[in-house]
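Sequential numbering from 7 applies to the sequence shown in this note's numbering.
Keep in mind the hints are simulated off the structure, nothing from the lab. Hints may be right or wrong, so weigh each one.
Said to hold, decoys possible - Computed cross-link-like contacts, EDC-like style, restricted to lysine to aspartate or glutamate with a CA-CA straight-line distance of at most 20 Å:
(1) LYS15 x GLU34
(2) LYS15 x GLU66
(3) LYS15 x GLU90
(4) LYS15 x ASP100
(5) LYS15 x GLU40
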Amino acid sequence: MEQRNSDRKAVSFDAVVGCTRFGMIRGEIVDLAEGGAYVQAETSIVPLGAAVTVTFQPGEAICRNCLSLRGRVTHQSLQGFGIEFCDLDERCIDALARLLPTLPAAPSRAMPVLRAG
7 MEQRNSDRKA
17 VSFDAVVGCT
27 RFGMIRGEIV
37 DLAEGGAYVQ
47 AETSIVPLGA
57 AVTVTFQPGE
67 AICRNCLSLR
77 GRVTHQSLQG
87 FGIEFCDLDE
97 RCIDALARLL
107 PTLPAAPSRA
117 MPVLRAG
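The task is simple: from the sequences and hints, build the whole structure.
In structure tokens, the structure reads:
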């Protein structure tokens with residue numbers, strides 16, 4: 007079973023997920039952690055293992071500009087997909103470090119998912 011290295015936080019950030027193969031997908035980040043995020047979207051056509059960039063605005067107090075976080079799709083469900091962050095730059099790491107402690111914990115929930123092997 008996959009283990010998370012960081013606590014998930016409940017959020018509601020409008021996001022755009024970019025994938026070179028499928029273009030831009032609009033969604034909502036509903037949980038966020040140092041290591042990744044879950045994005046609810048009307049489509050989950052992004053294949054497991056695909057490289058993506060998640061862009062969102064965490065709020066003026068954290069970062070004046072949008073954050074663009076690189077990652078890969080690690081699991082999918084009917085409601086969206088999970089992304090594991092990769093190769094984050096210092097600005098993104100710092101913004102997440104300031105943002106995450108201000109957010110409530112995400113509720114535990116079980117939903118069927120398809121995971122990358």
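Now the hints, each set against the structure:
1. LYS15 x GLU34: Satisfied, since the Cα-Cα distance of roughly 14 Å is no more than 20 Å.
2. LYS15 x GLU66: Answer holds: LYS15 to GLU66 is near 19 Å, not above 20 Å.
3. LYS15 x GLU90: 15 Å, holds
4. LYS15 x ASP100: 16 Å, holds
5. LYS15 x GLU40: 10 Å, holds
Hint violations for this structure: none, all hints satisfied.
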